[in-house]
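Chains A and B supply the protein sequences, listed in that same order. So the first sequence is numbered by the working numbering: it starts at 7 and just counts up by one. So the second sequence is numbered by the working numbering: it starts at 7 and just counts up by one.
Some clues are possibly wrong.
The list makes no distinction among identical chains, and a pair is therefore deemed to hold if it is satisfied within one copy or across any two copies.
[What the hints assert, rightly or not] Listed below are the simulated DSS-like cross-link pairs for lysine-lysine, each with C-alpha atoms no more than 30 angstroms apart in a straight line: (1) Lys53 <-> Lys17; (2) Lys138 <-> Lys28; (3) Lys171 <-> Lys53; (4) Lys20 <-> Lys138; (5) Lys53 <-> Lys140; (6) Lys138 <-> Lys171; (7) Lys198 <-> Lys53; (8) Lys140 <-> Lys171; (9) Lys198 <-> Lys17; (10) Lys42 <-> Lys198; (11) Lys42 <-> Lys171; (12) Lys28 <-> Lys42; (13) Lys171 <-> Lys198; (14) Lys138 <-> Lys47; (15) Lys42 <-> Lys20.
No wet-lab data here; the hints were simulated from the structure.
2 protein chains.
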Amino acid sequence: MFQGLLAELEKNLKRLPGIGSKSAQRLAMFILNDDKASALKLANSIKEAVETYTHCSVCNMLSETDPCEFCSDDNRDNQIICVVENTQDIYLIENTHAYNGTYYVLNDLLSPLDGIGPEQINFAGLQQLISKNKVSEVILALSPSTEGETTMNFLAEELASQTDKITRLSTGLPFGGDIEYTSSLTLINAFKRRYNVKENG
Amino acid sequence: MFQGLLAELEKNLKRLPGIGSKSAQRLAMFILNDDKASALKLANSIKEAVETYTHCSVCNMLSETDPCEFCSDDNRDNQIICVVENTQDIYLIENTHAYNGTYYVLNDLLSPLDGIGPEQINFAGLQQLISKNKVSEVILALSPSTEGETTMNFLAEELASQTDKITRLSTGLPFGGDIEYTSSLTLINAFKRRYNVKENG
């Protein structure tokens, strides 16, 4: 529908996740109708962010600095590593203020059919980091999806000899969730992992 | 949640229509994880489009050239003007290949309570264009909303002495629509404007 630079802008916007043709057209028109300064600010902040951010050479996190803020922070316990799928997960965990160890970003989950093996998830780097820092606990904070489970099984097996403790995030009913709408897999798991209320208070 | 350049990017993305906090975070992370070239292309096409596009001095359309492709095209009948709310509407109408006249973009609809009067919708420019081109028909292609109706009433009244023919787009049931889900206002109007099937074929 659009032509020239507008078509080009639409095409580039459509590459973003969740943005279809109609949305891309709407966004493109908004950007053109917007005051020039704000639109240029957007263009500039994309450029600056893309050109500045890099993968931390220690943990693979996308960061403005290398090493990243967590790897270079002496107040963080580097003998605990929390393994996450991507950088965004780190922000989610940081938001809880419940964790003070370091992180390791896989950037993907194992999926042999898609050609994603141990090399694609930076497994060697994780092994090196564990031996270098004499890590006492590896927390596998991956989604309990098919790929997540595959990856956690792989990591648990391969890392067993390198560290004493390998844990994964608890699974069960989500707070605020409704048993009626819970999948039977989740419910079976929640039954199996039920805990004593008096003990765990 | 984000910091530094990433937070800046999130903030600038959140200004776009239909993009909330969560979407902005997701887009920002996608842009950083994306290959650098594509992300820079997006930034660049925003910048280029914003810096190149301008309002056509004849019809107010957002265009790469001034006058725009329609105003400078001798094959278009400039004695018919189609009045639209914004540039995007022009593209929608062009897509139908059913119209070969010129356009005039109001960029807004009358809304006295929001301080949008005849000056804000470029009314003087429309009047000048009509007398200059000796326009024989003005088509009011505005939405049948409250503001649209107000604007069409205003234009019909004010332009009556300047041109012979002032038309507006037909109103009625939309093709593919279901009478059951049609508003009663639409239905009343469709009854009132019903037409003879034999005559109109």
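Verification of the hints:
no.	hint	result
1	Lys53 <-> Lys17	both (18 angstroms within a copy, 14 angstroms between copies)
2	Lys138 <-> Lys28	neither (51 angstroms within a copy, 37 angstroms between copies)
3	Lys171 <-> Lys53	neither (42 angstroms within a copy, 51 angstroms between copies)
4	Lys20 <-> Lys138	neither (43 angstroms within a copy, 41 angstroms between copies)
5	Lys53 <-> Lys140	neither (39 angstroms within a copy, 49 angstroms between copies)
6	Lys138 <-> Lys171	within (16 angstroms within a copy, 84 angstroms between copies)
7	Lys198 <-> Lys53	neither (50 angstroms within a copy, 56 angstroms between copies)
8	Lys140 <-> Lys171	within (12 angstroms within a copy, 85 angstroms between copies)
9	Lys198 <-> Lys17	neither (49 angstroms within a copy, 44 angstroms between copies)
10	Lys42 <-> Lys198	neither (59 angstroms within a copy, 46 angstroms between copies)
11	Lys42 <-> Lys171	neither (55 angstroms within a copy, 38 angstroms between copies)
12	Lys28 <-> Lys42	both (22 angstroms within a copy, 25 angstroms between copies)
13	Lys171 <-> Lys198	within (22 angstroms within a copy, 78 angstroms between copies)
14	Lys138 <-> Lys47	neither (42 angstroms within a copy, 40 angstroms between copies)
15	Lys42 <-> Lys20	both (21 angstroms within a copy, 16 angstroms between copies)
Checked against the numbered hints given earlier, the structure breaks hints 2, 3, 4, 5, 7, 9, 10, 11, 14 and satisfies all the rest.
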